[in-house]
Amino acid sequence: MTEHLSGGDMLIRALQDEGVDYIFGYPGGAALHIYDAIFRQQRVEHILVRHEQAATHMADGYARATGRPGVVLVTSGPGATNAITGIATAYMDSIPMVVISGQVPSDLIGTDAFQETDMVGVSRPVVKHSFLVRSAADIPMVVKKAFYIATSGRPGPVVIDVPKDVTDPAITAPYKYPKSVSLRSYNPALRGHTGQIRRAVEALARAKRPVIYAGGGVVQGNAAELMTRIAKRLNFPVTTTLMGLGAFPATDRQCLGMLGMHGTFESNNAMHAADLILAIGARFDDRVTNNPKKFCPQATIVHIDIDPASISKIIPADIPIVGPALAVLEEMEPMLEQELTKHGLPDAAALQEWWKQIDGWRTSHGLNHHMLDRVDPDAKILPQQAVQALLKATSGDAYVTSDVGQHQMFAAQYYAFDAPRRWINSGGLGTMGFGLPAAMGVQFAFPQATVACVTGEGSFMMNMQELSTCLQYGLPIKVVNLNNAALGMVKQWQDMQYGGRHSHSTYREALPDFVKLVESFGHVGIRVERLGELMPAMTEAFSEKYRKRLVFLDVHVDPEEHVYPMAIKGGSMRDMFLSRAETN
Amino acid sequence: MRRIIAVLLENEAGALSRVVGLFAQRNYNIETLTVAPTEDETLSRLTVTTTGDASKIEQITKQLNKLIEVVKVMDLTDGDHVERELMLIKVRAEGTTRAEIKRTTDIFRGQIIDVTDTTYTVQLTGPSEKLDGYIGAIGKAIVLEVVRSGVSGIGRGEKILGL
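Keeping their order, the protein sequence lines are chains A and B.
Our numbering numbers the first residue of the first sequence as 1 and each following residue consecutively.
Our numbering numbers the first residue of the second sequence as 1 and each following residue consecutively.
It should be emphasised that the hints constitute simulated quantities derived from the structure, not laboratory data.
Ideal placement from N, C-alpha and C gives every residue a C-beta, glycine not left out.
Wrong hints could be hidden among the right ones.
[As the list claims (entries may be wrong)] No farther apart than 30 Å at their CA atoms in a straight line, the calculated lysine-lysine pairs in the DSS-like style are these:
1. B:Lys56 / A:Lys294
2. B:Lys56 / A:Lys293
3. B:Lys66 / A:Lys293
4. A:Lys144 / B:Lys72
5. A:Lys208 / A:Lys232
6. B:Lys62 / A:Lys313
7. B:Lys66 / A:Lys144
8. B:Lys72 / B:Lys62
9. B:Lys130 / B:Lys56
10. B:Lys90 / A:Lys179
11. A:Lys232 / A:Lys392
12. B:Lys56 / A:Lys313
13. A:Lys313 / B:Lys66
14. A:Lys294 / A:Lys356
15. B:Lys140 / B:Lys130
16. A:Lys293 / B:Lys62
17. A:Lys569 / A:Lys356
18. B:Lys159 / B:Lys66
19. A:Lys569 / A:Lys294
20. B:Lys140 / B:Lys90
21. B:Lys90 / B:Lys130
22. B:Lys72 / B:Lys56
23. A:Lys179 / B:Lys159
24. B:Lys62 / A:Lys294
25. B:Lys159 / B:Lys56
26. B:Lys62 / A:Lys144
27. A:Lys294 / A:Lys313
28. A:Lys356 / A:Lys293
29. B:Lys72 / A:Lys313
30. B:Lys56 / A:Lys569
31. A:Lys545 / A:Lys380
32. A:Lys392 / A:Lys516
33. A:Lys313 / B:Lys159
[Unchecked claim] Label pairs and their computed distance ranges (CB to CB):
34. B:Ile113 / A:Pro78: 48 to 54 Å
35. B:Thr51 / A:Ile314: 18 to 24 Å
36. A:Pro169 / B:Gly162: 41 to 47 Å
37. B:Val143 / A:Asn291: 46 to 52 Å
38. A:Pro512 / B:Pro37: 57 to 63 Å
39. A:Thr341 / B:Thr77: 44 to 50 Å
40. B:Leu86 / A:Pro169: 49 to 55 Å
Given these sequences and hints, build the entire structure.
Written as structure tokens, this is what we have:
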């Protein structure tokens, strides 16, 4: 017997049938039928946020950490527009997400009704796809399609805009959740072209100065383990993008760290000198390439990407391979193995020479990961030291989210990620206010895990209302606030490019007492000002004592510190400033 | 480089806005755009003319293909094709110029489809350059109103854009 359900009930039932465990949302008029349906069931848990932007970041953090799509529910008008920043964030980083927005009743659409906004129109440039639901009967198929589109191919956010009349409890329709879906106009590649993969293998075998350049696609595409195995087998150096951190173990000797604007000296030099670049799930972003005209002049470029439009967009690929990173590498591995058993490492001597050169770069100008060894307990804390202390206190085993700015780069440079999906940040869009809600999404997904949010006071204040949500749901997140009383990255650029004129990048006199602030939200606040206090405070924050509490470490760091290396604008990848002395 | 790109699109509400939005969002140029349902009512066919170098055109076709509702994309200018545009043009036609306009229209194989004491309305089809040529020949000074359909195009011979 076919069940008959109202649109509101169908929507929630379809989410259950999709295996959704959490919805991050905020109610409002146009979504109330749906909220009533939520009230009358137990299988999907709704998390009440304090701002819709935060709901999208929570769903995003959940998706990045688990690989499963995040789900958001908001009402029409301002509820929907508030969600846009988070949708755009997910879009830029290819994160699977389904956002359900209430809409005014169908007969009021287009009349400038109360809380009406054209959500499909407003969100169009920042979604993978969107649906405006016409009738309750369409809901099961629309939801099925939405999840399929969000999670397949190059993942991304999908919006389902639902007019209120469609969820009317008085109107029911037969409900049957589709088992499968096929769209004639959407057929993402499931595997790479064998001939192209063979060409890539031949190029890899000939390489004398190879670099593997791994991006977020390796993490999102669940290819980290296999890529690591292949890289180890070949003894090739690996550099990762900001989005790719953790795709290859950071503590492995073959890991060169991050590349690009704030990438390591050894990464950027290796890229520039490489004769072969194997790019996997990376998109040659402008923050990586610096001046595309001067990019890696000697390199043959093999580019594996699920999205054909990412290939040869910025840098022409010599050997393009369209397909999921995992499937392509699965096909590549036995071919490589065959090649290696037949001929051995093609040019072991050249590779050894290459490693010598790389290790030279690493030794001469690599990052200093031992800054905590400094002994003066009264010294100002350097932000890098705070991240190193975090690494030490968590034994490198935390999920780390970040906001955007200097603290983000310090976290990316100094927290050693040995596993994928542990580093969660807004790479493409660079969304301040991402860190705390993203950490919440991760903590919901993994209640027992250690989740740290490395933030700055500027970013933190963009979504700090979620401290209330953290209290409501008892989320024991640890916030490490690198407080420099300034919009640090803005200030750094002003120092470097605007003669030190700090136009609207400081607000020292107007900052709240963060300890009192978080205490008023029912959490634990600890103020840290001197180097001697740093490690004890960090250890305490992550101790058993606070296992169930949110702890906010307000770490006052040296505000003069800049992020280095920093790419020199218009240059090649190896053109970078390495210290403040060079920029003055 | 001018390119004619043909797109088969799901005939659904909002699909066209995604195509147009894509061009605006990514700073691609649209010179002309035509769209109408095909013999299969679930599909629309859209023809867009644009300009750009090879890599830009490659990006345009790839980005179009990424739109969920886009079924197929073909760059007609990659091969032999036929292109046509329809123009309705109203011109000032008085005294001695009337005969002259009639003669020019005949040369261009146009038809005068509406006549008043003072105006002619001419219908002309052909490649875009032919329509430009006609306007040049009769002289801009007497042109009152121009309506152009934008380019429609189709591949020659066995080259077919279909499901």
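Evaluated hints:
1. B:Lys56 / A:Lys294: holds (20 Å)
2. B:Lys56 / A:Lys293: holds (16 Å)
3. B:Lys66 / A:Lys293: holds (27 Å)
4. A:Lys144 / B:Lys72: Holds: Lys144 of chain A and Lys72 of chain B sit about 23 Å apart, inside 30 Å.
5. A:Lys208 / A:Lys232: Since the Cα atoms of Lys208 of chain A and Lys232 of chain A sit roughly 16 Å apart, the hinted pair holds (cutoff 30 Å).
6. B:Lys62 / A:Lys313: holds (10 Å)
7. B:Lys66 / A:Lys144: Holds, because 19 Å separates the two Cα atoms, which is no more than 30 Å.
8. B:Lys72 / B:Lys62: Roughly 11 Å between the alpha carbons, so the hint for Lys72 of chain B and Lys62 of chain B holds.
9. B:Lys130 / B:Lys56: holds (27 Å)
10. B:Lys90 / A:Lys179: violated (58 Å)
11. A:Lys232 / A:Lys392: Distance of about 26 Å is within 30 Å: holds.
12. B:Lys56 / A:Lys313: holds (8 Å)
13. A:Lys313 / B:Lys66: holds (14 Å)
14. A:Lys294 / A:Lys356: holds (24 Å)
15. B:Lys140 / B:Lys130: holds (15 Å)
16. A:Lys293 / B:Lys62: Holds - the C-alpha atoms of Lys62 of chain B and Lys293 of chain A are around 22 Å apart, at most 30 Å.
17. A:Lys569 / A:Lys356: holds (29 Å)
18. B:Lys159 / B:Lys66: Measuring from Cα to Cα gives roughly 23 Å; hence the hint holds.
19. A:Lys569 / A:Lys294: Roughly 12 Å between the alpha carbons, so the hint for Lys569 of chain A and Lys294 of chain A holds.
20. B:Lys140 / B:Lys90: The hint holds at about 11 Å.
21. B:Lys90 / B:Lys130: holds (17 Å)
22. B:Lys72 / B:Lys56: The hint holds at about 18 Å.
23. A:Lys179 / B:Lys159: violated (37 Å)
24. B:Lys62 / A:Lys294: Holds, at roughly 25 Å.
25. B:Lys159 / B:Lys56: holds (24 Å)
26. B:Lys62 / A:Lys144: holds (25 Å)
27. A:Lys294 / A:Lys313: Since the Cα atoms of Lys294 of chain A and Lys313 of chain A sit roughly 16 Å apart, the hinted pair holds (cutoff 30 Å).
28. A:Lys356 / A:Lys293: holds (28 Å)
29. B:Lys72 / A:Lys313: Answer holds: Lys72 of chain B to Lys313 of chain A is near 20 Å, not above 30 Å.
30. B:Lys56 / A:Lys569: Since the Cα atoms of Lys56 of chain B and Lys569 of chain A sit roughly 24 Å apart, the hinted pair holds (cutoff 30 Å).
31. A:Lys545 / A:Lys380: Holds, at about 27 Å.
32. A:Lys392 / A:Lys516: holds (27 Å)
33. A:Lys313 / B:Lys159: Holds: Lys313 of chain A and Lys159 of chain B sit about 28 Å apart, inside 30 Å.
34. B:Ile113 / A:Pro78: 48 to 54 Å: holds (52 Å)
35. B:Thr51 / A:Ile314: 18 to 24 Å: Distance hint for Thr51 of chain B, Ile314 of chain A holds at roughly 21 Å.
36. A:Pro169 / B:Gly162: 41 to 47 Å: holds (45 Å)
37. B:Val143 / A:Asn291: 46 to 52 Å: holds (48 Å)
38. A:Pro512 / B:Pro37: 57 to 63 Å: At 60 Å between Cβs, range holds.
39. A:Thr341 / B:Thr77: 44 to 50 Å: holds (48 Å)
40. B:Leu86 / A:Pro169: 49 to 55 Å: Taking Cβ atoms as reference, Leu86 of chain B and Pro169 of chain A lie about 52 Å apart, which means the hint holds.
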